[in-house]
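Assemble the complex: chain A is given as a structure, and chains B, C and D must be docked to it using the hints.
Chains as they are written, first to last, in the working numbering: chain A, 97 to 286; chain B, 1301 to 1704; chain C, 13 to 330; chain D, 69 to 272.
Mixed in with the good hints there might be a few duds.
Here are the simulated lysine-lysine pairs, DSS-like style, with alpha carbons at most 30 Å apart [to be verified]:
1) Lys98(A) <-> Lys81(D)
2) Lys1445(B) <-> Lys1567(B)
3) Lys267(D) <-> Lys81(D)
4) Lys246(A) <-> Lys321(C)
5) Lys1536(B) <-> Lys328(C)
Label pairs and their calculated CB-CB ranges [claimed, not checked]:
6) Gly124(C) <-> Ser1463(B): 55 to 61 Å
7) Ser1463(B) <-> Phe123(C): 47 to 53 Å
8) Ile171(D) <-> Asp152(C): 56 to 62 Å
9) Leu314(C) <-> Tyr1613(B): 28 to 34 Å
10) Phe123(C) <-> Gln1303(B): 34 to 40 Å
11) Glu187(D) <-> Val227(C): 53 to 59 Å
It should be emphasised that the hints constitute simulated quantities derived from the structure, not laboratory data. Small disclaimer: the values here were computed from a predicted structure and weren't measured. For each residue, glycine too, the CB sits at the ideal point set by N, CA and C.
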Amino acid sequence: MKEYIRMVVVLTVIATVCGFLLAAVRKGTETRIEEQVLLYVQGPAVNKVLSSSTNDLIQDRQEISVQGQDYLIFVGERNTQPWAVAFERTAGGYGGDIGVLVGFDIERDIVTGIGILTHSETPGLGARVSESIFTDNFNNKTLNANFNVKQDGGFVDAVSGATISSRAVCSAVRKSLELYPEIKKEIVKQ
Amino acid sequence: MDQLALNRNDLQIIEAPEPKEVILPLKGLEGRDKLRIKIGQRLITGQVLYPGLYSSVTGIVKSIDSMSFPDDDYTVIRVEVADEDEFDEAIKAEPDFQGKTPAELLELLNRANLGISEDLADIDTVFVTAVDPDPLSLVYQQVLKEFKAELSEGFKLIKYLTSAKRVILAISEEAKELGSAAIGDVADLMLVKSQYPNGLPELLAQRIAEQDSSAKLAFIKIEKLISALTILKEGKPAIYKLVTVNTKSGVNNYRVRLGTPIKEIIKEDELNNNDKIIIGSPLRGAACFNLETPVTADIDLIYVQDTDEVYNYQNLQCINCGKCVKVCPVNLEVNLICRYAEFALFERCAELDVNACIECGLCAYYCPSGRALVQFIRLAKDEIKQQNIEQLLVTTENSTEEDQ
Amino acid sequence: MKLIVSSPPHWHAKIDVAKIHLHLIIALIPAVLFSVYTYGIHSARVIALAVATAVISEILIRRLLKKPVTIDDGSAILIGLLFAMIMPTSTPYWLVVIGTFLSIFIGREIFGGLGCNPMNPVIVGWAITRISWPNYFNLDLASVGYNLDFNYRYPLALLKSGGVDQIADFALIDLLLGKQVGGLGSAAAIFLVIGGVYILYRGFITWEIPLSFTVGVLAMASIFWLTDSSQYANPVFHLLTGNVIIGIFFLATDFSSSPFNRWGMIVFGLGCGILTIILRIWSIYPDGVLFAILIMNLFTPLLDKIHKKPLHLEIKEL
Amino acid sequence: MAKAKSISYEFFKGFWEILPPFRLVLGLCPMLAVTKYVENGLGMGIATTFVLLFSNIIISSIKSVIPKKVRIASYIVIIATFVVIVELVMQAFFYSLFEKLGIFIPLIVVNCIILGRAEAFASKNPIHLSAADGLGIGLGYTMSLFFISAIREILGAGTFFGMHIMWGSYEPFAFMIEAPGAFICLGLLLAMMNLIPNKLSGAN
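In isolation and in its complexed conformation, chain A is listed as follows (with noise of 0.2 Å):
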């Protein structure tokens, strides 16, 4: 019995001291790794579609809330007046939600360009709607363009043997184009 009672507490304090040790080492790396995941996840997307902007995207980024839903977007500026908007949509591809971050030109009102953040698309086939030579197709394009895959009477050249990853890249881009006209008015407003 004692020795059972020795076992649970040698185990119990393990843990706790361990449990702690974790929660303090979280709580100091917490704020960094949000700033790295922002840095290298949607950083390089973000710079992509809003290229000419002269402010630091990554730290000019702001949650807002449309229709009872908060976006995190991401604002470019030159010479502090807000030119354009990049925000992400999601859709379900091949292998699961393809995460598209679509950026929007405010005072032209056309799509600048696209960058895929998130997926999980099979290597070699899916996965190649991440390239740039797919990516491509969307570059300032105007929003009443048909941003469908070719085989359903769009523009878009689809990668060839994964129409289904780029059809959900093109329905992501859909999704933004319903959602831009809100953001574009709260940024209009501030």
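Quick look at chains B, C and D alone, frame taken from chain A:
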């Protein structure tokens, strides 16, 4: 591939000259002291020297030595032949064999040097092999042709002797008419393709077992059956053996007295250095290293192979071509077995039923890597046998320890 | 008087490893000649280089591992030749050398040499180079610069990218006669069939794998074709294009990496055929034959277990 | 191990005598998975060394307290704690490396080398020896990972730490940075590692 066809040839039987000296072999060296004969003693034809060993001649014992033959060491008795045969009185003629019980008949036949298995219970099908099992051998068809009149009586004898329900005559397809005339209403006919290894008794048995898997089988060679009949008719022991002798100068069927050394049949001046004398089939037989080897009841064929035709094993790595598996008449996975045997994994060999091998030699005949497959199989069989004995020893030791 | 003593059998069928390989090489000669006739000096260059590399690398590896050098059995020549047969004409010299070396080294020698390779060495070499340098395996580019009297596009690539409409102008008889772009020798369908039938007739390979492979390809392609002939190509087209014919007769039948039991062979061949079509239709590669064979090679030890149990009869001699 | 237990012996044995993974044949999973590039291999090695060192120290120092029946559970908890610390720190300060190593950082927990050393060495030896052992084995492992990843990166991508080092027209042998290339590379190296001592003992 015609090399493996079972030959057909019409030959006359040549009576081999009577030997001046015969050699009577007794397997093993232990029997030597128990022999009931002395040097200088006079033997008569048919006299029992040791259970299973008979004198095939009348003459004087010259010496008792030991000698090695391919399968084992032997105690050999040399007998100098006297002119006339004097037959053992104990062997009597029984032309009407149904007057005796099967057990009495059997005793008489074995007394007359026939060597039939004593255990005849539980046999319901007997087949008589009248097809030569091996290429080059011509003995069985010769006997069939020579004694076709006696055959149906022979079937009756074997049926009576074993009380079997069914007697089957296995005969080559070409001799079909001869066979169907001989069987009468006593026996059934089984036709065999004239291609090695179809004539092997194991494969004939397999064919019967495929039709009736519960049959308890036994077989007898046609020559032995005719000998049995002759013994009962004439009251004399079996002292002659028909042998096909295939030398460079030609093929002959000789009637040879048992115990004749083969040097009496194959003259030494016919041989070149590095020839090979094969006793038995070219695929199964053993190479002879001693010209004193006597003719015994088991020898059907003596084949002299020229130096140029002698095949040397290469024993290259197995290339896994699967030819051996394809030709194996008993469906063994020869390539695996031999590689396991090569690396001493004998339990694996046992798992692959290596003991079912009938050693027909076809696998090694076809092996493109020139591997000595039959030897690997023999090694595996032997090791399995020995290891089983060891296992038995180990278990008994363990159990005694536990008892203490 | 000296007598020779040895163990039975005392006869031999007089077929040895070198003879088997020699005849397999002879069977490839029509296809080799055809490819040299079609593509000229470049074809000869690839073939000669592959064979030379195969032989030299076997000598070097065997010397290094202190094993007997066995190039006289012809297996290295066969590997080099088969490797050349499935490569495009335009293969650069270094790729041929590396590929053939890998065939011999990774494909065979590190497993213990002839007869020990678990996978077809030729395909191992091919697969490694195919993954490493995919650009050089673009068969459409291989025919650039030749004045060919037939459609110079690789039929399977056309099928993959454009669907059935694109391959309408390939006459099946042209495909059979080798008037198509493909590997050096693997495009010469009729010549490979001639060679294949020769080795089958002479008994160097058995009928099980070629037949079941063919049946597998035709059956699987027919299933797709019958469900929707506007989307899937017809079965005979699948049979005559790409590496199917060379695979059927020369690659799938590799002794060491294919099963040795009859039913194992049949399942193996069917598997190769079915996987070929599945890979052609659903994978990113235009042709699936070699990967199909490679995958089935891995099942060989399992397929070898399909075996009739030996009959162990006790018979008594009277 | 008949040799005297000295700090230097315990430290240096991990570099040749029981060099992981070639001698111990442990820790093959990260070995195969993260050695595409030298940077990854080295990062993984250092992370493993850190965990190995501290888990060995802690386990050795509290070995008398831990009851035998729950020792594996305790070891795992301690090891897991250090692994998570490594993961968090790496995420905060070396994010790009963290991204490349991905799932294999959490999997350090089940790297057999760490639990193996804890069980086979740290739980039986004093702190200073355990620390030397952990550091030595860890550095040996790092060395092996560096070695194998250098081979794979140089051949497979033509680069070393991301710098082009092969000649201009070099066509990367991409097979080497694919998974099958890892297996073949490891297999050949293992064979060579077995060949060398055989040769040495043969010479003796």
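Going through the hints against the structure:
With a C-alpha separation of about 40 Å, the suggested pair Lys98(A) and Lys81(D) falls outside the 30 Å cut-off, and the hint is violated. Under the criterion of a C-alpha separation no larger than 30 Å, the hint pairing Lys1445(B) with Lys1567(B) is consistent with the structure, at around 28 Å. For the proposed pair Lys267(D) and Lys81(D), the alpha carbon gap of about 20 Å is at most 30 Å, so the pair holds. At most 30 Å may separate the alpha-carbon atoms for a hinted pair to count; Lys246(A) and Lys321(C) exceed this at roughly 60 Å.
As the CA atoms of Lys1536(B) and Lys328(C) are separated by approximately 26 Å, the hinted pair is consistent with the 30 Å bound. Here the CB-CB span from Gly124(C) to Ser1463(B) is close to 58 Å, well matched to the stated 55 to 61 Å. Separation of Ser1463(B) from Phe123(C) is about 59 Å and departs from the stated range, judged on CB atoms against 47 to 53 Å. Taking the beta carbon of each, Ile171(D) and Asp152(C) are about 39 Å apart, not inside 56 to 62 Å as hinted.
For the hinted restraint 28 to 34 Å between Leu314(C) and Tyr1613(B), the CB-CB distance of approximately 32 Å keeps it satisfied. Taken as a hint, the range 34 to 40 Å holds for the pair Phe123(C) and Gln1303(B), whose Cβ atoms sit roughly 35 Å apart. Checked against the hint of 53 to 59 Å, the pair Glu187(D) and Val227(C) passes, with Cβ atoms roughly 56 Å apart.
Hint violations for this structure: numbers 1, 4, 7, 8, all remaining hints satisfied.
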